[in-house]
Amino acid sequence: MNRRKFFKLAGISAAGLTEKLITSADAAGIPSTKQFIGVLNDTTKCIGCRNCEKACSEVNGMQVPDIENDNALEKERVTDEKQLSVVNKYKTDKGTVYIKRQCMHCWQPACAAACLTNALHKTEEGPIIWRSDKCMGCRYCMVSCPFDIPKFEYQSWNPRILKCDMCWKRIQQGAIPACVEACPSEALMFGLKKDLMEIARTRIYKHPKDYVSHVYGEYEVGGASWLYLSSVPFEQLGFRTDLGNTPYPEYTKEFLYAVPAIILILPPLLYGLHHITEPEDSEKK
Amino acid sequence: MEITAKKGIKFIISELKPRGELFTPFNIITIPIIALGLIIVAYRFVNGLGSVTNQSQIFAWGLWKGFNVVTGVAFAAGAYIVTFMVYVLRIKKYHSIVKATVLNGFLSYVFYAGALILDLGRPWNIINPIIGNSFGFNSVLFLVAWHFMLYIIAQFVEFSPTIAEWLERKKAKKFLQSLTLGAVVFGITLSLLHQSGLGALFMMAKSKIHPLWYSEFLPILFLASSVPAGLSMVILEGTISRRVFKDLYPKHSSKHLYEEIVFGLAKGAALSLFIYYFFKAIIFIHGRHWSHITDMWGVWYFIEVFGFVLLPCIMYANGYKNRSIGLIRLASLITIVGIMLNRLNISVISFYWNNPNHYYPSWQEYIVALMVISIQIWVFRWVVTRMPVFKESHH
Ligand code: SF4
Ligand code: SF4
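In the order they appear, the protein sequences are chains L and P.
Under numbering that gives the first Met the number 0, the residue at position 245 of the first sequence is numbered 244, and the numbers go up by one with no gaps.
Under numbering that gives the first Met the number 0, the residue at position 359 of the second sequence is numbered 358, and the numbers go up by one with no gaps.
No false leads were mixed into what you were given.
Chain L stretches covered by chain P per the calculated footprint, using a threshold of three residues with CB under 8 angstroms from any CB of chain P:
1. 114 to 123
2. 132 to 138
3. 141 to 155
4. 233 to 246
5. 258 to 271
It is worth saying that the hints were derived from the structure and are not from the lab.
The beta carbon of each residue, even a glycine, is placed where N, CA and C say it ideally should be.
Using the sequences provided together with the hints, build the complete structure.
What follows is the structure, encoded as structure tokens:
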């Protein structure tokens with residue numbers, strides 16, 4: 000992908016998306032030398048087979064769900080420390096819709112901004128990974144993530160924070176995420192986020208009846224690497240649509256920016272006050 | 000050299016022995032709590048946090064962070080306020096309470112930072128953000144943790160002349176006293192930042208805290224409310240200390256002088272509570288929260304604001320005007336409960352108010368929370384019965 004093509008794409012994309020993303024990436028201090036990768040989940044193509052779940056558990060060395068017999072779709076589930084990706088079933092007026100949930104891999108992740116040890120780390124390519132040698136288990140990431148994704152091993156003396164890392168190890172070896180590979184119906188697609196966005200927009204444009212005109216993850220909390228297309232409004236599918244488009248780290252930025260200023264201004268002020276209040280006869284002391 | 004070492008050890012051993020009666024009501028209550036708490040803590044380090052706490056994947060922070068850390072630090076604010084008045088503004092009147100207040104603040108921080116460690120899943124990695132191989136500069140918690148650490152040092156420096164006096168090291172005392180002003184200035188700066196920082200901690204939990212309690216001005220609210228919280232704690236601590244440690248106060252210490260101090264503090268508390276109330280009102284109106292007050296949460300919110308902010312504010316003001324110590328003491332108690340309510344409302348009670356699951360602390364969490372406070376009081380008692388904390392030192 001060369002620079003010219005990149006800017007051309009930027010020009011095409013509606014609402015100046017790319018521009019916005021570049022500026023917010025800069026704001027997070029992420030070097031923008033690499034293109035962000037991501038996954039597009041076209042939920043209209045998902046058949047609810049849960050092969051992605053199985054592949055995820057296998058790759059992460061977790062207990063593999065028995066997708067044929069466990070009837071797990073009957074209940075709405077959330078990811079937990081034993082399973083990092085779950086599929087839920089929703090009955091809608093456009094038929095049954097299946098939604099795979101996992102970490103969104105936010106552009107400006109609240110979890111990584113919260114982490115005081117940088118254990119949660121946004122890689123240059125976009126996936127957010129967790130590093131065991133750094134984490135001290137404070138769980139501030141869990142409090143901060145708007146999607147409640149980081150999970151903690153409460154039953155262990157040596158607990159880990161667990162969440163989807165987009166199969167970061169596999170990606171570094173040139174493979175694609177296990178769930179994408181396992182998907183038999185092309186509901187999951189792996190690639191550069193801007194390419195995926197283009198595909199998503201094209202599908203919405205070409206088949207306006209099949210899709211709502213909204214790519215979940217395009218702007219939510221500043222944008223994410225994981226994108227969703229859907230035939231029904233996202234609030235009917237267990238998505239939070241009230242989170243806003245402000246990147247979460249923005250909420251603490253103002254405070255953090257004020258800190259150095261206060262450290263510089265306050266002490267001289269206090270010393271000054273101390274001098275002003277000096278009593279006249281202090282020489283005698 | 001050897002002789003001094005031996006002497007030192009002997010001295011320490013003799014000082015570790017309890018003085019006074021062992022079976023006081025306070026001891027009878029706290030000894031079992033501490034013993035049980037220690038067992039729970041040991042158990043927790045073997046079997047994981049989930050074995051003793053009700054914290055969960057959604058309610059990741061429970062009582063230990065919400066009460067011991069977030070609430071406790073507000074009550075330790077007395078130290079920065081009193082040192083500000085005594086050393087920066089040089090209001091002599093408050094000099095006699097400065098040592099006890101600083102000691103209280105110092106111990107609070109030591110134990111609340113301790114409570115923070117109890118709650119860490121991987122405490123051995125706490126070294127990372129300290130030695131600097133992993134600085135999360137963009138994390139509010141990073142800032143707060145560092146400030147805790149530095150502030151503990153600053154407060155130790157502020158208190159150290161009293162230790163030197165106890166050990167009869169005159170020269171050391173003189174030297175340590177020369178550091179006080181620096182430590183005070185540094186300490187006040189740190190305090191302003193981490194008191195507000197505790198509020199900023201919750202900024203990214205925007206979607207999880209009930210809109211009546213969430214505000215982009217949480218840092219300012221936390222800072223503003225730390226003033227009445229700290230002052231009320233100073234009043235309460237003084238009330239209790241004067242009763243319990245009667246004999247430790249100098250004979251000539253005049254009741255009148257002490258009451259003057261309390262009146263002064265009450266005035267400050269009334270004023271700061273009013274400012275805090277004012278902020279809360281503005282944020283409420285500015286945030287157009289009228290739609291949120293129709294259910295139980297609205298009632299709960301108004302109980303907090305009227306019953307535990309405005310009411311004690313009026314009581315303080317009246318107590319000051321009518322010179323009624325009793326009223327002021329009652330107001331301090333109500334303020335303390337109110338600040339507890341506020342901090343817990345934000346960190347625990349209204350957290351995920353719209354989630355069908357709720358978090359209720361386990362009995363083990365309560366015991367450990369009480370254990371932390373009990374040990375702190377034990378250490379406080381140990382120090383004041385030995386060091387000249389309540390005595391006015393002359394230099
Ligand atoms: S969804 Fe949560 S865990 Fe995943 S990157 Fe965003 S903030 Fe972090
Ligand atoms: S629990 Fe670990 S990963 Fe999460 S914020 Fe704390 S140190 Fe970072």
